[in-house]
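Undergrad: Sequence:
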Amino acid sequence: MACFKIVCPAGLLRNPLIFCQLSNMHPNGRYMNFIPRLLSFITYITMNHLRANYLLVSIVCVCMGCFSPGNKEAPPPEPPAALPLEILPLESLQAFRTAGKNWQIAGEAFAEVDQPLRMKVEAGKGVLANLPLEEERAHIFTQMEHGDMELEMEFLMPKGSNSGLYFQSRYEVQLLDSWGVEQPTFADCGGIYERWDESLPEGQKGFEGHAPRLNASKAPGLWQQLRVVFRAPRFDATGQKISNAMFEEVVHNGMLIHEKVEVSGPTRAAAFEDEVPLAPLMIQGDHGPVAFRNIRYKTYGADSLRLDSLHYALYESKADQLPHFDTLTLIAEGAAKSLDVQQISDQKDYYALRFTGKLVVPTTGDYLFTSLIDDGGDLLIDGKVVVHNEGDPGLDEARGMLHLSAGSHDFELTFYQKVWLANVTVLYEGPGMRKQLLSGRDISGFFKKPEPLALQPGPERPELLRGFVKYGDKKRTHVISVGTPQGVHYSYDLQQAAVLRCWKGRFADVAEMWVGRGIEQLLKPLEMSIETTAGMPLGLNGKWAEETPPEFRFRGYQLNKAGYPSFQFQLNDIQMSDQPMPTEGRLQRKVEFRAGKKQKNCLFRLAEGKKIERLSDGFYRIDGAYYLKIPEGVGAKIVKSGESVVLASQILAEGTQDSLRYEWMW
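Using our numbering, the first residue of the sequence shown is number 1, and each one after it goes up by one.
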């Protein structure tokens, strides 16, 4: 925390109101409200003493951690949003049961976009590859068995290939080269495959298949992401099934394609026809080549945390921060059924609560606690603050992680309520335990995003819309998004002359811009999108600036007769015109340059990544995520740049005018 030095007229701080405002800090050394109080103090003395001409206030940041003079330790790292997934090792095939000769461990997989059923691998570790042989087309089963499961992975398929993930070896999520399919069915990539009954009449044998909500498939030869949250069927004590298996979520390349889809039994071509609580994950190997990497998972059981001997104490309080409870007046106390504060107090405003009890932990391990509180409070276990939540202001979310041994632990939850809503929710996640409510009411839905509000371009002219866009985990503010009648769209950073992302199909979800207060101001693609390379693309003397230099300036954009923009920029005496345009399901970029003189070593960055691979016919694969198609005349070359590699083209070396064209494909 920064330390501030206040220089003011002698005796001013003797004013009891000011002194109380500055000294009323958070107990236990937490100065969460100091800065707002300091600003209130400045306002007060400014309004009351400026006319007397003796105000001298300077706020000087003189050190870090001055409220704890001896403490020079760095602040603890921010707790994760979720406990980490377990990694399925791919150094060998030991994580799998007996595998056929069609399965192997590799270092990388490649497939040309236009070559059916052809996939190559290179030696190494980290990739599970299936290369079916005429006589070897076996499925592969994990050693690990699962019930409820959360699974994340990446997969790659060549053109025309087919495979599937069978949860508990019985319930299939289809993997298929479905690139470009406009109306996907259950048999397309991400579909939950149909069940099959030979005894039914012809035409009715297949039933219960579920198509994905949209086709989020990438082109053949690119790595694709898949996340599945699966709930296993439930059985009673006699072994009778009491609820069906369910795919709670399936997310393909960042797009939710299934939610809460039940399956009444094993899907077609399952390894087994019965249903059980635990079984291995199976990957289909008899249809076509496929590769997998970064396989991670969590499995969940029936264990849960429990609160015992829960007691509450209700106090009078008008504090706007967590108070010292030993200074408050007790109103009532007794046994509590839960942490629902609205069941304890009839007061709407101005009170504080303290819950105490025992937390019963069934399994030793790391536990992640999340509190959602309005106005604020602390979660303590064995006297240690695990989660501090100040409300900031109103309802806020905070997290904390703690290693707990199996057994009983002291539990305490403090809470204060000033005005308006009064809410407490405590969620947790632990070893073999999915994120769930500890006690009370679950108000986590308060943060639910609005339903999508679709914006589409007209049939003849593109739609240009300014708005914020997420790139990685950061919000880009100087962005224009362009939706085209051809169905190829992009978002463009006007500060950096960078195409940030591209997508095809429907254009934009503008709900977080136009619904309610529109606080986030975020435009989101309605379809699967790819992130391209951010950053100012011009590199002088063969180097690229980490930050956009002040001399690089946006000079506006011009619209052609059809309404498509070309963006104008200037760097010193170099002028640049940048026009992305849709072409045959791809996004083409045409960039033109003019300069006062030839440039010795001026490079234009086409792409940047950790790994750039040159394929045939002018194609480059960027981090396995998308392709660039570059004509021979561009003269692209791969160069090292810090920890990354850059695909670049030299410009303005032979004259004062130059241009280049290339295309993104995904």
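The hints are simulated quantities; they were obtained by calculation from the structure and are not laboratory data.
There's no promise every hint is true.
[As the list claims (entries may be wrong)] Calculated pairs, PhoX-like style, for lysine-lysine (alpha carbon to alpha carbon, straight line, at most 25 angstroms): (1) Lys611 / Lys629; (2) Lys543 / Lys600; (3) Lys474 / Lys120; (4) Lys337 / Lys260; (5) Lys629 / Lys590; (6) Lys348 / Lys384; (7) Lys475 / Lys449; (8) Lys435 / Lys543; (9) Lys474 / Lys449; (10) Lys611 / Lys597; (11) Lys640 / Lys543; (12) Lys611 / Lys159; (13) Lys449 / Lys260.
[As the list claims (entries may be wrong)] Computed spacing ranges between beta-carbons, pair by pair: (14) Lys205 / Gly124: 26 to 32 angstroms; (15) Glu86 / Lys448: 27 to 33 angstroms; (16) Leu85 / Tyr471: 33 to 39 angstroms; (17) Gly107 / Ala562: 34 to 40 angstroms; (18) Tyr471 / Lys260: 55 to 61 angstroms.
If you're wondering where the values come from, they're calculated on a predicted model, not measured in any experiment.
All C-beta atoms in this analysis are idealised placements derived from N, C-alpha and C, irrespective of residue type, glycine included.
Undergrad: If a hint holds in the structure, say so; if it doesn't, say that too.
TA: For each hint, the structure was consulted:
1. Lys611 / Lys629: holds (16 angstroms)
2. Lys543 / Lys600: holds (12 angstroms)
3. Lys474 / Lys120: violated (36 angstroms)
4. Lys337 / Lys260: Judged against 25 angstroms, a Cα distance of about 31 angstroms means the pair is violated.
5. Lys629 / Lys590: Given that 25 angstroms is the threshold and the Cα spacing comes to 13 angstroms, the pair holds.
6. Lys348 / Lys384: Distance of about 29 angstroms is beyond 25 angstroms: violated.
7. Lys475 / Lys449: holds (17 angstroms)
8. Lys435 / Lys543: Not satisfied, since the Cα-Cα distance of roughly 46 angstroms exceeds 25 angstroms.
9. Lys474 / Lys449: holds (18 angstroms)
10. Lys611 / Lys597: violated (34 angstroms)
11. Lys640 / Lys543: The given pair, whose Cα atoms are some 10 angstroms apart, holds under the 25 angstroms limit.
12. Lys611 / Lys159: holds (22 angstroms)
13. Lys449 / Lys260: Distance ~18 angstroms between lysine 449 and lysine 260 Cα, so the pair holds.
14. Lys205 / Gly124: 26 to 32 angstroms: violated (44 angstroms)
15. Glu86 / Lys448: 27 to 33 angstroms: About 29 angstroms separates the Cβ atoms of glutamate 86 and lysine 448, which means 27 to 33 angstroms holds.
16. Leu85 / Tyr471: 33 to 39 angstroms: Since the Cβ atoms of leucine 85 and tyrosine 471 sit about 24 angstroms apart, the hinted range of 33 to 39 angstroms is violated.
17. Gly107 / Ala562: 34 to 40 angstroms: violated (46 angstroms)
18. Tyr471 / Lys260: 55 to 61 angstroms: violated (31 angstroms)
Going down the numbered hints, you'll see the structure goes against 3, 4, 6, 8, 10, 14, 16, 17 and 18, while the others check out.
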